[in-house]
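Make the full structure from the sequences, and use the hints.
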Amino acid sequence: MKYIYSIIKADYLQRTRSYAFLITLAITFYAAYSFVPPPTASYTTLNVVGFKGIYNSAWVGYVSGMMTAIMLSLYGFFLVNGGIKKDIDTEVGLIIATTPITNFEYLLSKMLSNLLVLLTIAGCTFGVSIIMFFVRTNGSPFIISNFIIPYLLFVMPAMFFISSLAVLAEVFLGRKSILQYIIFFFFFGALMANINGQKNETLSVIIDPFGVRTMTSSIKNQINIQFHEHIDAVNLGFIFNQKLGFKTFEWNGITITNLLLFSRVLWLLFSIALVYLSSFFFHRFDFKQAVSKKKKSSPHEQQPAVLAFASTGINRGLMPPLVTNYGIFPFIKTELLLLIRKGSKWFWLVIVGISASMLFAPMAISHLYILPVLWFLQVTRWSELATKEETNRLHYFTYASYKPLQRMLPAQILAGVILAIVLALPLIVRYVIALNGYAIFNIVNGAICIVLLAVCLGIVSKGKKLFEILFFLLTYALTQSIPVADYLGAMKHDSHVGYIAVVLSLNSLLVLISFAMRGYQSRHL
Amino acid sequence: MSLVIKNLTKQYNRHKTGLTDYSITIEKGILGLLGPNGAGKSTLMKIIATISKPTKGTLFLDGEDIVANPDRIRKILGYLPQDFGVYPNLNANEFLEYIAAMKGVGGNSLRKRIDMLLEAVNLTADAKRPIGTYSGGMKQRIGIAQALLNDPKVLIFDEPTVGLDPEERVRFRQLISDLADDCIIILSSHIVSDIETIADEVAIMKNGMLLNKAAQPDIIKMVNGKVFEVLVNNDEVATLRTKHLVIDTGRQKDKTRVRFIVKTNQPEPSAIAANATLEDAYLFLTQNNG
Chain A
354 MKYIYSIIKA DYLQRTRSYA FLITLAITFY AAYSFVPPPT ASYTTLNVVG
404 FKGIYNSAWV GYVSGMMTAI MLSLYGFFLV NGGIKKDIDT EVGLIIATTP
454 ITNFEYLLSK MLSNLLVLLT IAGCTFGVSI IMFFVRTNGS PFIISNFIIP
504 YLLFVMPAMF FISSLAVLAE VFLGRKSILQ YIIFFFFFGA LMANINGQKN
554 ETLSVIIDPF GVRTMTSSIK NQINIQFHEH IDAVNLGFIF NQKLGFKTFE
604 WNGITITNLL LFSRVLWLLF SIALVYLSSF FFHRFDFKQA VSKKKKSSPH
654 EQQPAVLAFA STGINRGLMP PLVTNYGIFP FIKTELLLLI RKGSKWFWLV
704 IVGISASMLF APMAISHLYI LPVLWFLQVT RWSELATKEE TNRLHYFTYA
754 SYKPLQRMLP AQILAGVILA IVLALPLIVR YVIALNGYAI FNIVNGAICI
804 VLLAVCLGIV SKGKKLFEIL FFLLTYALTQ SIPVADYLGA MKHDSHVGYI
854 AVVLSLNSLL VLISFAMRGY QSRHL
Chain B
17 MSLVIKNLTK QYNRHKTGLT DYSITIEKGI LGLLGPNGAG KSTLMKIIAT
67 ISKPTKGTLF LDGEDIVANP DRIRKILGYL PQDFGVYPNL NANEFLEYIA
117 AMKGVGGNSL RKRIDMLLEA VNLTADAKRP IGTYSGGMKQ RIGIAQALLN
167 DPKVLIFDEP TVGLDPEERV RFRQLISDLA DDCIIILSSH IVSDIETIAD
217 EVAIMKNGML LNKAAQPDII KMVNGKVFEV LVNNDEVATL RTKHLVIDTG
267 RQKDKTRVRF IVKTNQPEPS AIAANATLED AYLFLTQNNG
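Top to bottom, those sequences are chains A and B.
For the first sequence, the numbering used here gives the first residue as 354, with consecutive numbering after it.
For the second sequence, the numbering used here gives the first residue as 17, with consecutive numbering after it.
Hints in this document: simulated from the structure, not taken from any laboratory.
Mixed in with the good hints, there may be bad ones.
As the list claims (entries may be wrong) - Listed next, the in silico PhoX-like pairs over lysine-lysine satisfying Cα-Cα at most 20 Å (straight line): (1) K362(A) x K438(A); (2) K169(B) x K756(A); (3) K686(A) x K573(A); (4) K756(A) x K91(B); (5) K405(A) x K529(A); (6) K698(A) x K144(B); (7) K169(B) x K44(B); (8) K144(B) x K155(B); (9) K438(A) x K695(A); (10) K128(B) x K144(B); (11) K686(A) x K144(B); (12) K144(B) x K91(B); (13) K695(A) x K144(B); (14) K222(B) x K22(B); (15) K438(A) x K573(A); (16) K69(B) x K756(A).
Pasting the structure below:
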């Protein structure tokens, strides 16, 4: 166990010393600020139809803790996922494999460094929640335990679970990132459904990793008793609603029951048990066996080594004359080739199937649910658009090429947009038949927007993760019908022109940042 | 054709300097860059390849400022970086087509050009295999092929023989020698013998500064008459190190053969004068400066 501390420390420092983490922290500060909206805001984060909680330390502390537990679980999985992959890519894993560290110790250290990263972020939201209490309340007493308890009972077990889930996903699904994302997407949806489910109360509290079922029940009970109501749903997350009349109530926090404490400890133990279970299936960076099972070496690979260079050398006189071509089409072709070849061929069948389903599904469903999910399935392709040169250490060539900014970057963006539009074609065709130019324009604009976001975040953060997290959140929010996440015009907006102008402005800003940053990077290696 | 570099300085941050007031004129032929790790070889090559901007100084290619107008050199540049990679999902043909597009090479003759280069680096049989399945030496050869795609007039090779086996290294040197007639070739290497056999001129660098640049015989001349070899008892080697610059040692049963350069002291009476090499001159210059 003595190795664990060093591995956790190194892993934690490696992850947190990145632009992506800094940007994530900046977004976290903003998110933590938005967890406690002003009374005039057009959204709430905890909503009971017709009622509103008075802002006191319990409300601010618990809502902040609940939102941190849920939101950080949602994107934290993506943030910390990839610790083992990094050790594979950097070949540090090979060194680790030769040390006496056991599989369980190694995976536990990965899980704990995941936890540390997530707790760092949670620590920021905790700090902001206290600040927000003083900003949003007026004379209400400050009770510190109302801030600490939700972070201990909601956030800590949730982060434990997400940290171990990331390890579990990496051990069992390895490099199948998309499959991991899809499974997590549905798993998270099921967890959220449990919070407001009508099932057995005791069981629901136990199987809720966030612990917030106790909080929502407490709020429901108080309203039902105080106002003689029969409320059975408390909505969590960013809920945009019209301002209707409401009654206010004062809520003073949960009663900590033995059941709640038991369930929290159970989730901590379950998380460690998951890591322990994974350790029996961990590859320990030995991939040869797995490869030999799948594919026998080709006869070509068994051939003896040939002479390295032809003895004739290069006769420049015999070379065909040099023909110049400074167009971008050869780039687009290669970029498309790289996009298509990424991932398994079988998965393309699934993608084509989903795309074709938009020919038959109701148009509104296709636009709001199927197309965003279909595009999200391209997340690992688009996140690589502007990062793959550096990942593959090819940027020396690309930056030294002729006019890289005017030729390569536009080609990468165009290839990404072409892929998005081709996948959306079935829906576009239906809109053409329906003569709905506005919807078509929005889809194309949305395709450009999401590809530009991928390119821009890739260039700025020099990594894929930030875009992948943000795209997941956008897709999830869109499927929850949150208007601000609607980048492809799937929902109704007050003004067509206003909506188009917002997306176009965003696209222009993303183009500007991408080109300016890439221009700088290409001359400052 | 000439590349004139004047007072080049590259300051990464307050504490780290890549190059300091570096001036050199490079003419047609092969210039070998020698220097210990951190000497600034790769920094200099990156600046010439236009992927790094100097903090101060100028670079002129045939009178044209390539810091202000990098596309001028990019059209005629062949660059093999020290630590380059490939797209593993592309095969050699596709990869070279991609690099050709970067360099602005196209037309119907591109295919033939690629075929000839693949033949020259002996990768024709593997041209349709994904590069991800190549060995280190094969990847290095595809890197060499890409550098030659656009018939370059300025060729920069940063540690090109890394990953090549001894036979591949010999063939590579022949290949480069054939190209040297009508272009500038800048070649850096830790392996002095790679430079020794093919470079017309040698530039020795240390701590971001140019220590010397001259034709090989002129550089070797600096240590002529100063290189000796002696067979001593094993416990005498340490004493020798304090008196002379020890270049090499080799154990022979209970004795050690020591090759050294005299500083100011007289050599041991039993020492025999040896023919000076580029490696002797290189070590003499780098260990006596800074």
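Hints, verified against the model:
no., hint, in the structure
1, K362(A) x K438(A), "holds (18 Å)"
2, K169(B) x K756(A), "holds (18 Å)"
3, K686(A) x K573(A), "violated (58 Å)"
4, K756(A) x K91(B), "holds (9 Å)"
5, K405(A) x K529(A), "violated (44 Å)"
6, K698(A) x K144(B), "holds (19 Å)"
7, K169(B) x K44(B), "holds (9 Å)"
8, K144(B) x K155(B), "holds (14 Å)"
9, K438(A) x K695(A), "holds (17 Å)"
10, K128(B) x K144(B), "holds (15 Å)"
11, K686(A) x K144(B), "holds (17 Å)"
12, K144(B) x K91(B), "violated (28 Å)"
13, K695(A) x K144(B), "holds (17 Å)"
14, K222(B) x K22(B), "holds (17 Å)"
15, K438(A) x K573(A), "violated (44 Å)"
16, K69(B) x K756(A), "holds (16 Å)"
Of the numbered hints listed earlier, those contradicted by the structure are 3, 5, 12 and 15.
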